[in-house]
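The task is simple: from the sequences and hints, build the whole structure.
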Amino acid sequence: ELAQQLPLPHSVSSSLDKASIMRLTISYLRMRKLLTSDEPVAEEETELDIQLNSSYLKALDGFLIVLSEDGDIIYLSENVNKCLGLAQFDLTGHSVFDFTHPCDQEELREMLIHRTGSKKTKESNTERSFFLRMKCTLTSRGRTVNVKSATWKVLHCSGHVRVYDPHTEQTTNGLKEPPVPYLVLICDPVPHPSNIEVPLDTKTFLSRHTMDMKFTYCDERITELMGYDPEDLLNRSVYEYYHALDSDHLTKTHHNLFVKGQVSTGQYRMLAKRGGFV
Amino acid sequence: MKSIIQHTGGFSLRLSLLFPIPTTTAGGSTCAAALRSLQRAHRLQSVGMSAGDSEGTADRPEEDEGPKQVGPSLPAVELPRKRKGDVEERSDAHVQSYRQSLDFQMEDDLSRSEGEDQQVKLKCFREPHRQIEKRRRDKMNNLIDELSAMIPACQPLTRRLDKLTVLRKAVQHLKALKAGPSGAFTDTNHKPSILPQDDLRHLLLSAADGFLLVVSCDRAKIVFLSESVSKILNFSRLELTGQSLFDFIHPKDINKVKEQLSSSELHPRQRLIDAATGSQVQADSPVRASNLSTGARRAFFCRMKHSRLAGNHEEKRPMPNSFKKKDSYRYCTLHCTGYMRSWPSSQMGLEGEAEKETSCLTCLVMVCRLHPHVSHHQPKDITIKSTEFVTRCALDGKFTFVDQQATTVIGYLPQEVLGTSCYEYFHQDDLQHLAETHRQVLRSKEKIETQRYKFKTKHGSYVSLQSQWFSFTNPWTKEVEFIVSSNRVISRGPGHTKDEEAGVSKALQEDTKQIPIIPGLSSGLGTMIYAGSIGTQIANELIDSYRMNSSPSSGASSPFGPAQEKGPLVSPQTSRSASSREDTAGSSSQSQSDSRTAEGMSSATSESTGEPSQLDLDNMVVPGLSSFSNDEAAMAVILSLLETDVNMGQSGQFEDLHWPF
Chain S
1 ELAQQLPLPH SVSSSLDKAS IMRLTISYLR MRKLLTSDEP VAEEETELDI
51 QLNSSYLKAL DGFLIVLSED GDIIYLSENV NKCLGLAQFD LTGHSVFDFT
101 HPCDQEELRE MLIHRTGSKK TKESNTERSF FLRMKCTLTS RGRTVNVKSA
151 TWKVLHCSGH VRVYDPHTEQ TTNGLKEPPV PYLVLICDPV PHPSNIEVPL
201 DTKTFLSRHT MDMKFTYCDE RITELMGYDP EDLLNRSVYE YYHALDSDHL
251 TKTHHNLFVK GQVSTGQYRM LAKRGGFV
Chain V
1 MKSIIQHTGG FSLRLSLLFP IPTTTAGGST CAAALRSLQR AHRLQSVGMS
51 AGDSEGTADR PEEDEGPKQV GPSLPAVELP RKRKGDVEER SDAHVQSYRQ
101 SLDFQMEDDL SRSEGEDQQV KLKCFREPHR QIEKRRRDKM NNLIDELSAM
151 IPACQPLTRR LDKLTVLRKA VQHLKALKAG PSGAFTDTNH KPSILPQDDL
201 RHLLLSAADG FLLVVSCDRA KIVFLSESVS KILNFSRLEL TGQSLFDFIH
251 PKDINKVKEQ LSSSELHPRQ RLIDAATGSQ VQADSPVRAS NLSTGARRAF
301 FCRMKHSRLA GNHEEKRPMP NSFKKKDSYR YCTLHCTGYM RSWPSSQMGL
351 EGEAEKETSC LTCLVMVCRL HPHVSHHQPK DITIKSTEFV TRCALDGKFT
401 FVDQQATTVI GYLPQEVLGT SCYEYFHQDD LQHLAETHRQ VLRSKEKIET
451 QRYKFKTKHG SYVSLQSQWF SFTNPWTKEV EFIVSSNRVI SRGPGHTKDE
501 EAGVSKALQE DTKQIPIIPG LSSGLGTMIY AGSIGTQIAN ELIDSYRMNS
551 SPSSGASSPF GPAQEKGPLV SPQTSRSASS REDTAGSSSQ SQSDSRTAEG
601 MSSATSESTG EPSQLDLDNM VVPGLSSFSN DEAAMAVILS LLETDVNMGQ
651 SGQFEDLHWP F
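If you read the sequences in order, they're chains S and V.
Residues in the first sequence are numbered from 1 upward in steps of one, following our numbering.
Residues in the second sequence are numbered from 1 upward in steps of one, following our numbering.
Derived from the structure by calculation, the hints contain no laboratory data.
As the structure is a computational prediction, the values presented were derived from the model and not from experiment.
Incorrect hints may have been included.
Unchecked claim - Derived pair list, reagent style DSSO-like, types lysine-lysine, alpha-carbon separation capped at 30 Å:
hint, chain 1, residue 1, chain 2, residue 2
1, V, LYS258, V, LYS305
2, S, LYS214, V, LYS256
3, V, LYS134, S, LYS82
4, S, LYS252, S, LYS135
5, S, LYS252, S, LYS214
6, S, LYS260, S, LYS214
7, S, LYS82, V, LYS458
8, S, LYS135, V, LYS256
9, S, LYS260, S, LYS82
10, V, LYS139, S, LYS135
11, S, LYS82, S, LYS214
Take a look at the structure:
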C-alpha cells in the first residue's frame, strides 16, 4: 500500500520489493523536506511554464542528482538511464559510493563536506565542480547490460552545496533540527571525441596529442581561430601555449585525465600566433 | 490491512502445521521440497497482495528471536529462487501471524523445531544465509527508523513505534502530501515522476544557476524564458521575451549561435567524427535532414549580456566569467545544452508572426547554465599578495637591508637607500605618527602596525604603505639590534602625484623652515630637524635608557661619555675604537652622512648593522649641529652631501675637525 502511495507510475511501483519501497519512501520524504525549505517563490506560472517544465530534463545533457551528507542518493532524475543506463529507482536511496569508482570516493567525500564559514569570513564556497567515474551500463550501441559488467563512465559533476535550514519548521517537541547540508549536482557526460552527436561549430577545432600533450594532429580550423598552421604546432607541447595563470588549472586537468580517462577543462587562455591570448 | 495480514497469517499456520510431521522423519530435503511447492502455490495466490505482504513482514524483523530460528529453515528454499522480489517469497514463508495474535507464538515454536532439524542438514548454507538474513533485517530496521524520523507524526512519541504503525503513518503522510499544496500530483497527464515538475526547476536552479531558454530557429526570437533568468542575467523575464537573441549575445558569438540554430544548409560542410579513426569525415547531404528534426541536440558555449544592478547580490559570488566591457555591458559565459523541438504555432500564440503561416515552429529548447568552472575565478588559489617587501633598519631608522621587491614599489634600488634614514622618505604629515611608532617599537617586543603613510619614491611621487614593525633584540645583550619592517602597499595613487610632487618640493625646501613638531624630540630654536635626525634622536633616547639601566662599566658601553668630552669633534676612528662592537670600516662614513637626497643616492652599499658606534657618531654630530645656527646647519647638510658623493671616511673626519671654530 505504501508503494501505491508513492508518486510513481504504476508499473514501477508494483514491481518494487520491500526494501526498495522503503528506500524510495525515505528518499521521497527527504526530498520534500528539502524542497519545502527553499523560499517559496510565488511565481505565477504561465501556461507555457507548465508545459515546458518537462523540457528541463530533456534539455539537459546529463542528469540531476541530490546527495545527502553521507552520500545517500536522495534524488536522481530520470534521464540517468539515458546517460548511464541505470534506472532511477534502482539507485534512489542507495549510497552513491556503491556506484562510483573506488578511487574517486575520497574526492567525492571531500566534496560532500560543507564547511560553514563563520560570520566574519566570507561564506564558504558552495560551488563544486569535479569529475567522477560512475558505473555505466550502456554499451556503445545503446543497450543496457547488467550492473555487474558495468564499465566506468566519466561524468563532469557541477553543482552546489545547499543547506536545508529547518528554522522555519519546528518539530512538535520544539526541538530544532540541525541544518542539513546536501549537494545538488548536475552530472554531464564528457563527450568523447570519437562519439560526438552534436555537430561541432566553427569555433571548435580538434587536435590530437601524445601523452605529454605534444600535438600530433590538428584541425585546420585552428588557422582561422588562432592563426597557426597545423604544421606549426606539430611536435610542440601545448603547454607552450597556455597562459601562465592557467597553467595550474591545466596541469591539474592533465593529471585528472590520466586518473580518470576523460576530462574537460574550464576556460583557459591560449597564445595566438600574432600575440595576444585567445 | 489487518485482514490481509491475518489471512496470510492463517495461511502460514497451515504451512507450519504441515511441517512438524515431515521434519521429524525425513531429511530436510523433502521438507524443503514441500515448502517450495507450498510457497509457489502461495505466491500465485498472493500476487495481488504483494503490498500487504510487505507490510506484514515489515514488522517481523522486530522479533529477532523468532525469525532467527525460522530463518534457517528457509535458506534451502531460497537457493533455487533467484528472482528479484524473492523477498516477497521469503516474506510469505515468514509471515506467521501478527505479532499480537496468539497464533504467532505457536508458530514460533513449531518453526523453531523445524528449524533445528533443518540445521543439521543445512549447516553449510546456514551461516552465510543467517548473516544475510540478519543483515536484511537490520537494514529494514534502519529503514523503518529513518522513515519514522521523517514522518512528523511519529516524532513526538518517545517510545519506539512498532513497524506497522510507522508504515501506516507514512501512508497517511504521503496521502496528505498528495492532497496538499503541491498540487502537481493532480496533473495526471504526465507520467508521474517522483518529483513534481516545478520542483525540478528549483532543483536545477540550486544545482547550477541556469534558466530555460526557448529560441525560435528561424529568427532567433526569444520565445520563452524561465523566471530564473532574472537572477542570472539581471534582466527581467519580460524584458527579454520577444527580443531577438542576438541582441544579447556577444557580437563575436553571434555566428556561432547562428550555426547552432540553423540547419546544416548554411554550412554544407558537416563535420562528423569518424568513430574509428577519430578523424574527420566529410559527410554528405543525407545528414542534413536530421539537423532540424525534433530531438536533435545542441550544446555550446556562448556569452550573454548581463547588466549590473545597483546593490546586486550576485556580484559577491565569484562570477565565473570572462568579462568583456563593451558598451558598459558585461558578459557572462553560459553553457547551453538543449534540443530541437517543433510546435504547432497555434499553441504558441505568436504575435507579430502574421506572415508566418507555417504550421510548425521549430525552436531550440535550451538550458543555459553559468559555466561551472572557469579558471578565472581561481585567482583566489593563486594568492596574489599585495606587494610586500621587507626592510630592516637600524635603531635610528637607517636602512640596513632592503628587499629586492622594494624596487618595484619605491623605485629605488636597494643599494640606493641603504644607510639612509627612512625618515627621509616619509611624508611630512606622517612623520609624527611614525616617530611615535618608532619609539614604541623600540621599547616593546611586539609587532606594531603603523597607519598608512606615504613613502616617497624615486620619481617623486608617493606610495601609500602600511607596515608592521618589530624590533629584534639580541638575546645576550638584551639590546635592540634592529627593526624589521614588513611593508605592504595599500594603494598606488597616481592621482596623488601632483599633490605629492608639490609636497615633495615643499618638504625639501621648507624643511628648514617648517619644523614639524615631533613630541619628545628636541625642537628648540636652531635645532634642525631634518629627516635623519629624527631617527637618530629616537634611537638615542633608547640608548640613553639602556645607559641608565646598565652601569657604565666599560668604555665600550659608553662611548658617549668620552665622545662628548671631545665635543662634536669626533673622528670616526676614535668612536670606533671606543666602541667594542666594531663595525666595518666603510660604514662609518656612511653613518656620518645623514644625507637627504631627492634624487640618486650614493652607491655606498656597505651594510651597517645599527651599531652604537654609528649612533654615537650621529649623536655626536647632531648635538653639535643642533647648537649651530641654521646657516651652519645648512652648511653641515651640504657637507654631508659632499661626503656621500665622495664616499670618504678619513676626509670626512678631517672636515669635521674643522668645525669647531
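Do the hints match the structure? See the list:
no.: 1; hint: V:LYS258 <-> V:LYS305; result: holds, 17 Å
no.: 2; hint: S:LYS214 <-> V:LYS256; result: holds, 28 Å
no.: 3; hint: V:LYS134 <-> S:LYS82; result: violated, 36 Å
no.: 4; hint: S:LYS252 <-> S:LYS135; result: holds, 23 Å
no.: 5; hint: S:LYS252 <-> S:LYS214; result: holds, 17 Å
no.: 6; hint: S:LYS260 <-> S:LYS214; result: holds, 20 Å
no.: 7; hint: S:LYS82 <-> V:LYS458; result: violated, 67 Å
no.: 8; hint: S:LYS135 <-> V:LYS256; result: violated, 34 Å
no.: 9; hint: S:LYS260 <-> S:LYS82; result: holds, 21 Å
no.: 10; hint: V:LYS139 <-> S:LYS135; result: holds, 24 Å
no.: 11; hint: S:LYS82 <-> S:LYS214; result: violated, 35 Å
Figure legend: structure checked against the earlier numbered hints; hints not met, in rising order: 3, 7, 8 and 11.
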